[in-house]
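Asker: Single-letter residue listing:
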Amino acid sequence: MLSRPLFRFVRDGQRIAFMRGRHMGLIVSAVLSAASLLLFFQPGLKLGLDFRGGIVVEAQTSAPANINQLRSALDQAGIHPDAVQAFGSDRDVRISVSAPEGADREARTQQIVDRVKNTLAKAAPGTQIQRADAVGASVSHELFRNGLLALGLSLGMILVYIWVRFEREFAISAVLTLVLDLTKTIGFLAITRFEFDLVMVAALLTILGYSTNDKVVVYDRIRENLRKYRTMPLRDVLDLSINETLNRTLGTSMTVFLAALPLALFGGSTLTGFATVMLFGIVVGTSSSIFIAAPLLLLLGKKRLRPSGE
Amino acid sequence: MMYYSRLRLLGVAGVCLLGVLLCLPNFLKAPSSSLPWRQIHLGLDLKGGSYLLLQLDLKSLEHDRLLSLQDQARQTLLDHGLGYRDFVRDDATQRLSFTLRSDAERDAVLSTLRAVPTAVPNEFQVTATGERIDLVLQHDAMLSRARDAVAQSIEIVRRRIDATGAIDPSIAREGDDRIVVELPGVSDPERIKTLLGTTARLTFRLLAPNPTAASPGSTMLEDISTHTQLAVQDHVDVDGTDLTNAGAVIDQQSGGWAVTFQLNSTGASAFGNVTRTNVGRRFAIVLDNKVIEAPNIINPITAGSGQITGGFDARSASDLALLLRAGALPAPLAVIEQRSIGPSLGAASIHAGVISLAAGFILVVAFMVLFYARFGLYADIALLANLVLMVGILSLFQATLTLPGMAGMLLTLGMAVDANILINERIREEVQRGRGVLQALQAGFDRATGTIIDSNATAFLAHVMLFVFGTGPVKNFALTITIGIATTLFTTLVLSRLLIVRWYAVTRPSKLPV
Numbered sequence: 004m005l006s007r008p009l010f011r012f013v014r015d016g017q018r019i020a021f022m023r024g025r026h027m028g029l030i031v032s033a034v035l036s037a038a039s040l041l042l043f044f045q046p047g048l049k050l051g052l053d054f055r056g057g058i059v060v061e062a063q064t065s066a067p068a069n070i071n072q073l074r075s076a077l078d079q080a081g082i083h084p085d086a087v088q089a090f091g092s093d094r095d096v097r098i099s100v101s102a103p104e105g106a107d108r109e110a111r112t113q114q115i116v117d118r119v120k121n122t123l124a125k126a127a128p129g130t131q132i133q134r135a136d137a138v139g140a141s142v143s144h145e146l147f148r149n150g151l152l153a154l155g156l157s158l159g160m161i162l163v164y165i166w167v168r169f170e171r172e173f174a175i176s177a178v179l180t181l182v183l184d185l186t187k188t189i190g191f192l193a194i195t196r197f198e199f200d201l202v203m204v205a206a207l208l209t210i211l212g213y214s215t216n217d218k219v220v221v222y223d224r225i226r227e228n229l230r231k232y233r234t235m236p237l238r239d240v241l242d243l244s245i246n247e248t249l250n251r252t253l254g255t256s257m258t259v260f261l262a263a264l265p266l267a268l269f270g271g272s273t274l275t276g277f278a279t280v281m282l283f284g285i286v287v288g289t290s291s292s293i294f295i296a297a298p299l300l301l302l303l304g305k306k307r308l309r310p311s312g313e
Numbered sequence: 089m090m091y092y093s094r095l096r097l098l099g100v101a102g103v104c105l106l107g108v109l110l111c112l113p114n115f116l117k118a119p120s121s122s123l124p125w126r127q128i129h130l131g132l133d134l135k136g137g138s139y140l141l142l143q144l145d146l147k148s149l150e151h152d153r154l155l156s157l158q159d160q161a162r163q164t165l166l167d168h169g170l171g172y173r174d175f176v177r178d179d180a181t182q183r184l185s186f187t188l189r190s191d192a193e194r195d196a197v198l199s200t201l202r203a204v205p206t207a208v209p210n211e212f213q214v215t216a217t218g219e220r221i222d223l224v225l226q227h228d229a230m231l232s233r234a235r236d237a238v239a240q241s242i243e244i245v246r247r248r249i250d251a252t253g254a255i256d257p258s259i260a261r262e263g264d265d266r267i268v269v270e271l272p273g274v275s276d277p278e279r280i281k282t283l284l285g286t287t288a289r290l291t292f293r294l295l296a297p298n299p300t301a302a303s304p305g306s307t308m309l310e311d312i313s314t315h316t317q318l319a320v321q322d323h324v325d326v327d328g329t330d331l332t333n334a335g336a337v338i339d340q341q342s343g344g345w346a347v348t349f350q351l352n353s354t355g356a357s358a359f360g361n362v363t364r365t366n367v368g369r370r371f372a373i374v375l376d377n378k379v380i381e382a383p384n385i386i387n388p389i390t391a392g393s394g395q396i397t398g399g400f401d402a403r404s405a406s407d408l409a410l411l412l413r414a415g416a417l418p419a420p421l422a423v424i425e426q427r428s429i430g431p432s433l434g435a436a437s438i439h440a441g442v443i444s445l446a447a448g449f450i451l452v453v454a455f456m457v458l459f460y461a462r463f464g465l466y467a468d469i470a471l472l473a474n475l476v477l478m479v480g481i482l483s484l485f486q487a488t489l490t491l492p493g494m495a496g497m498l499l500t501l502g503m504a505v506d507a508n509i510l511i512n513e514r515i516r517e518e519v520q521r522g523r524g525v526l527q528a529l530q531a532g533f534d535r536a537t538g539t540i541i542d543s544n545a546t547a548f549l550a551h552v553m554l555f556v557f558g559t560g561p562v563k564n565f566a567l568t569i570t571i572g573i574a575t576t577l578f579t580t581l582v583l584s585r586l587l588i589v590r591w592y593a594v595t596r597p598s599k600l601p602v
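Quick note, the sequences are listed as chains B and R, same order.
So for the first sequence, my numbering puts the first residue at 4; every next one is plus one.
So for the second sequence, my numbering puts the first residue at 89; every next one is plus one.
Read the hints as simulated data drawn from the structure, not as lab findings.
Because the structure is a prediction, the values reported are computed rather than measured.
Hints are supplied without guarantee of correctness; some may be wrong.
What the hints assert, rightly or not - Between beta-carbon pairs, the in silico distance windows are: (1) R:443 to B:144: 32 to 40 angstroms; (2) B:305 to R:454: 37 to 45 angstroms; (3) R:118 to B:196: 30 to 38 angstroms; (4) R:208 to B:78: 48 to 56 angstroms; (5) B:111 to R:339: 15 to 23 angstroms; (6) B:306 to R:590: 46 to 54 angstroms; (7) B:69 to R:344: 36 to 44 angstroms; (8) B:26 to R:96: 51 to 59 angstroms; (9) B:7 to R:96: 26 to 34 angstroms.
Said to hold, decoys possible - A few chain B residues that don't get close to chain R, going by computed Cβ distances all over 10 angstroms: (10) 11; (11) 37; (12) 40; (13) 80; (14) 104; (15) 171; (16) 195; (17) 201; (18) 230; (19) 255; (20) 262.
Glycine is no exception: its CB is placed at the ideal position from the N, C-alpha and C atoms.
Please take these sequences and the hints and turn them into a complete structure.
Answerer: Below, the structure is given as structure tokens:
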């Protein structure tokens, strides 16, 4: 049974004319990315605790939680939470309080988390605190800045790496494609209302690394074919290269998808959002390797990569 | 290269075996204490516990130094019979300035002040402009003071936490002015936060002759037992650094809780001197700029020991004694970030991580066998070796594993087979071009290698950035992926290739299973 593969995504020698749909692909991608940008401004991302600062306490009550009673107990204690909500089972309660403003806010942030815990212990005896996080305003600003810095520097380093290993056109098309991928993922975050926090930045960077990997493999083949078929028009070289690498592109996407899938299903509250965004990013990254990265190269490199014309 | 020497075979087998050996300590008890038994540490999110980020208040450090310098300068001038007027302190520019009594004293004042001994060289600069004399604290000297202060604070934080009985705390500097405290198993760090948030600077200072109104050289401080304001002299007669011991006791007279203290010889003699020459005056015991009590000096106290009674209960008396024994922080510490995880949530996270890892592994393994038959099986063997090596390396460095770290492992496994896919697809293409079995294998390996290195390099770059700029669990995610990329290169470029080559050498197939 190990003598030959049981299935393939596309049969050998398949030649799909991807370049024929290049305008369509670019337009659809541009529209989706533009829509994502709009979503980024309205309604915007739901910032997680890391980036917004404040207090989140997750508790498990001994009997089904009475949300209203807990809320009024907290109000009476002068805490005024933004949200008291059930999650998971009916005994799990999450309380979030925004970071206090004004002088001494760091110290008061830390006091609130202890007051929330004490109030819960009084209002619902037997409650177990599962998680108690308090992030001061200075830390959250710093984490946000570092997250963006990591994203920006990664993009920059990828640009330089591909520039050095390939040529300018390759580097610019790759980074443009990555930016399109990233904006769509951010739009996805805005729609799904997953909290944008450091773990999410990790997801974005992983998608970035994965998607780059995908593009590098296709570009590598394009470079090879450009040398091999000296007279073939650039457009045909691109089509040929995408087709030749199609089984690999889909195969690798599949394995990464399969690896991330259990995380989305069983990963718990920390990882579900992370893994779902990863899954979305894998799909976007794979399709952009096929429909966006190569057409952009055709657009940018028509003159330089194959001067004899298309 | 289609031939592996016996030596290389042994080498590859040796690396894999070493990986297995390095993994073992995570699952077995150490057979003897002399063996190096290195394990992966579970992160706080997996075993429960608290993470606290503390920030040292450097502004207050500068303020304190300016205040003590002012006191020092005044005292020195008086001792040398030199005069001053209008002595002011400006915290914003870290500057002290005063007006000369007469122009004739200028040179004497300048040389006297320049000769004031300091712990850090060139700590301040003295300049004269007309009748005004300026003393300015120097930036470099303050930086070196700040560095010392953080190091000293770490030591004191450690002593305080050890005194609470917390197990395996980790205390480390972060950046210029921060300290990270990790407390495994402490899911309610309220008491520790309170202890760390107290500077515990104890001083003994005389009240000003008129204790109800502020005067030069004294500051109004709150008396916490009577809630009144008292004018306390800025000059510190006895400092808490001279304390050798402190303990909580029940006061024989009142029956309430009190804190006793014992001073070293320097402290004891200073205490004796002040109490001898100031009988009848009030002597304030000041803790963190609050007056705990201000009793009248009835008799000189020369034994170097005393008792503080200030409305304590059992808890606050023993906490204060603990703080005094551990020593005062050089500047206030503020908790600016807290993350606590309860033990049951940690256990649930381990469960979630292990289930996901197992399910993901099985899915990828199954896919590879279906997609590449025998070569898929070899890729799977390499994948298992990859997992073993990753766990082995993490154990070797006794690294911490968090839930995002486990996610990083799983994603590494998903990405690792990419190299096998690249090789297999290449071999398949070469077969279709009509090459023979040997040439197809050879060309497949050679051509895929460059691509594999390029694609892994870019992923590597992205995660190094994440490691540099991320914190906590996210850093851990980046770490496992970065280690994973290294092990992937070994298992795919060396191990799975070796398996294919051995299979070829043993069976001499006429057809490839691609």
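Asker: Now look at each hint and say whether the structure bears it out.
Answerer: Comparing the hints with the structure gives:
1. R:443 to B:144: 32 to 40 angstroms: holds (36 angstroms)
2. B:305 to R:454: 37 to 45 angstroms: holds (44 angstroms)
3. R:118 to B:196: 30 to 38 angstroms: violated (48 angstroms)
4. R:208 to B:78: 48 to 56 angstroms: holds (52 angstroms)
5. B:111 to R:339: 15 to 23 angstroms: violated (35 angstroms)
6. B:306 to R:590: 46 to 54 angstroms: holds (50 angstroms)
7. B:69 to R:344: 36 to 44 angstroms: This hint holds: roughly 42 angstroms between Cβ atoms.
8. B:26 to R:96: 51 to 59 angstroms: holds (52 angstroms)
9. B:7 to R:96: 26 to 34 angstroms: holds (30 angstroms)
10. 11: violated (8 angstroms)
11. 37: holds (25 angstroms)
12. 40: At roughly 23 angstroms from the nearest Cβ of chain R, residue 40 of chain B sits farther out than 10 angstroms, so the non-interface label holds.
13. 80: Given that every Cβ of chain R is farther than 10 angstroms from that of residue 80 of chain B, nearest at about 15 angstroms, it holds.
14. 104: Residue 104 of chain B is indeed farther than 10 angstroms from all Cβ atoms of chain R, at 16 angstroms.
15. 171: Check passes; 17 angstroms lies beyond 10 angstroms.
16. 195: holds (18 angstroms)
17. 201: violated (5 angstroms)
18. 230: The claim stands: residue 230 of chain B keeps its Cβ more than 10 angstroms from every Cβ of chain R (closest is about 13 angstroms).
19. 255: violated (4 angstroms)
20. 262: violated (3 angstroms)
The structure fails hints 3, 5, 10, 17, 19 and 20 (numbered hints given earlier, in ascending order).
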